[in-house]
Amino acid sequence: MNSVAPIQTDSAPSAQKKSIRFPARSFLAFALAPEAPLGEWLESLDRWTENSPGFFAGRPVVLDLNLLKPEVSEVGALVAELGERGIRIYAIEAHGMDFLGPDLPPLLKGARPATVEKPEAETPAQPDAAAPPKAEVLAGANTLVIDQPIRSGQSIYHPEGDVIVIGSVASGSEIIAGGSIHIYGTLRGRAFAGATGNEQARIFCRKNEAELLAVDGWYRSAEDMDSSAYGRPVQAFLEDGVIWVAAL
Amino acid sequence: MGKVVVVTSGKGGVGKTTSTAALGAALAQTGLKVVLIDFDVGLRNLDLIMGAERRVVFDLVNVTQGQAKLSQALIRDKRIDTLFLLPASQTRDKDALTEEGVASVIAPLKAKFDYVLCDSPAGIERGAQLAMRFADDAVIVTNPEVSSVRDSDRIIGLLDSKTLRAERGESVNKHILVTRYDAGRAARGEMLTIEDVLEILSTPLLGIIPESQAVLRASNLGSPVTLNEPNNAAARAYIEAARRLHGETVPMALPTDRRGFLDRLLGRKAA
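Note that the protein sequences, when read in sequence, are chains A and B.
According to my numbering, the residues represented by the first sequence are 1 to 248, in order.
According to my numbering, the residues represented by the second sequence are 1001 to 1271, in order.
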């Protein structure tokens, strides 16, 4: 899991008489790009989901087949494999394929990787998450400031900028930010910085008791963290595909 | 206009029902008019804890569905005449409750009583959300254990988003009630300290109820501990918590391990 691509669905107003509106929606989807050998890739996916169960639940996922380049006949089996893991594929991205069959997700054309500079207007609705606490978005900087603690079970999703939390982030909650994440309290939950493909994003917290730290899809779970980083002020950043957790 | 207080926790078995009964009785003993509503439809317990199980005729579901009048379903306590109970139905489930139905019960009770205490079922589903829906205040019952504290945190998140007050842009006044606090185990570092609990939940403390056999004895006798053994340490802690809930400033002391030398030697529990 390394990058996230937005899907642009264009409106198709065609009917002449009684016009039916097809309002356009654009939203962010995670892109899964399987690599060969497939067995190994699925194993590493399983290891990942074991650390973050339910991560894909209800989230739009795009299957990017440009690395794996499978035969058309193999795609169905792969979609089924992912389905067994609770990952529902919204669309498939594959250059050079024109048609997959009526029982497979549609082919996706014209999707772009999301970048943090892009000011998308709408954040996708999150059905399961409790309503996020009152927050203000600073104009220009596109920073989300939350001046309340993040409670267990809450999910803060801010794909276009930094997230600043004045308070603690509880065990069992998560923050997903396009930019960096700053927590002026204890981080006990999970933090995903640079989630829309920004490898420069960082995570800062006054006290680190995090369950998981991730930048640009690369992650480090609490179990893989050095015990010296526990309970201290730390920053986490990405370097050569490794998440580093350093004292502040 | 009375105050609607939900007693909730997320996790089961931490002492919601016991605390509802003890706080309700302590408030009523000061002359305030108090009604306790059992929202645990299908698994009702409050009637047993209050010793009213043989007097239940109609229940909350009957009232919300118009099969009985509110006055027919309310059970007056035999010991304190300002204390009432509205029992839950044992034969139905939580889906029998609707928001409109609950609203139609809460509104007249709020007008008539000083306190409407809602005993929430465990969990975060429909039953628990309806119990907290109309609350002005919330007592979040927590044991000093990590699992209980995390569940309480989840409930606080719901109190801040799913209650009528939250939807109106106001907030529910939240209070933490730590129950089953064992001074000995806390001293040995076997359970979370009060500081840890408050730091994680960042919500003000209403009281600390020490672990006590008296609470269990009272439950089995069908009498709230604040009535059954009012001089017991746990009962005193509940009485003080009730006074704080009513707005009084009462200094709080951390329960200490007050066992005598002989008790320690014989391994007897303070109770």
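Simulated from the structure, these hints should not be mistaken for laboratory data.
The beta carbon of each residue, even a glycine, is placed where N, CA and C say it ideally should be.
Check each hint, because a few of them may be wrong.
Rough simulated footprint, nothing fancy, chain A against chain B, three-plus residues with beta-carbon under 8 Å [to be verified]:
no., stretch
1, 1011-1023
2, 1147-1158
Straight-line distance between alpha carbons at most 20 Å, and here's what the computed SDA-like set of lysine to any residue pairs gives [as the list claims (entries may be wrong)]:
no., chain 1, residue 1, chain 2, residue 2
3, A, 207, B, 1003
4, A, 207, B, 1196
5, B, 1162, A, 233
6, B, 1011, A, 171
7, B, 1011, A, 207
8, A, 207, B, 1193
9, B, 1162, A, 105
10, A, 207, A, 241
11, B, 1003, B, 1205
* Given the hint that residue 207(A) pairs with residue 241(A), test it: the Cα-Cα distance must not exceed 20 Å. => Violated - the C-alpha atoms of residue 241(A) and residue 207(A) are around 24 Å apart, more than 20 Å.
* Below or equal to 20 Å on CA atoms is what counts here, so check residue 1011(B) against residue 207(A). => violated, 27 Å
* To do: Verify the proposed pairing of residue 207(A) with residue 1193(B), using a straight-line Cα cut of 20 Å.
  => Holds, at roughly 18 Å.
* Asked: Mind checking, does the stretch 1011-1023 of chain B have 3 or more residues with a CB under 8 Å from chain A?
  -> violated (count 0)
* Would you mind confirming whether the straight-line C-alpha gap from residue 1162(B) to residue 105(A) stays at or under 20 Å? => Given pair residue 1162(B), residue 105(A) is violated - Cα atoms ~36 Å apart, limit 20 Å.
* Below or equal to 20 Å on CA atoms is what counts here, so check residue 207(A) against residue 1196(B). => Answer holds: residue 207(A) to residue 1196(B) is near 14 Å, not above 20 Å.
* Asked: Residue count check for the stretch 1147-1158 of chain B against chain A: does it reach three with CB-CB under 8 Å?
  -> holds (count 7)
* Asked: Holds or violated: residue 1011(B) with residue 171(A), Cα cutoff 20 Å?
  -> holds, 15 Å
* Measure nothing beyond the straight line between the CA atoms of residue 1003(B) and residue 1205(B); if it is 20 Å or shorter, mark the hint as holding. => Roughly 19 Å separates the two Cα atoms, so the pair holds.
* Asked: Is the Cα-Cα distance between residue 207(A) and residue 1003(B) 20 Å or less?
  -> With Cα atoms ~38 Å apart, residue 207(A) and residue 1003(B) exceed 20 Å; violated.
* Are the Cα atoms of residue 1162(B) and residue 233(A) separated by 20 Å or less? -> Violated: residue 1162(B) and residue 233(A) sit about 33 Å apart, past 20 Å.
Of the numbered hints given earlier, the model fails hints 1, 3, 5, 7, 9 and 10; all others are met.
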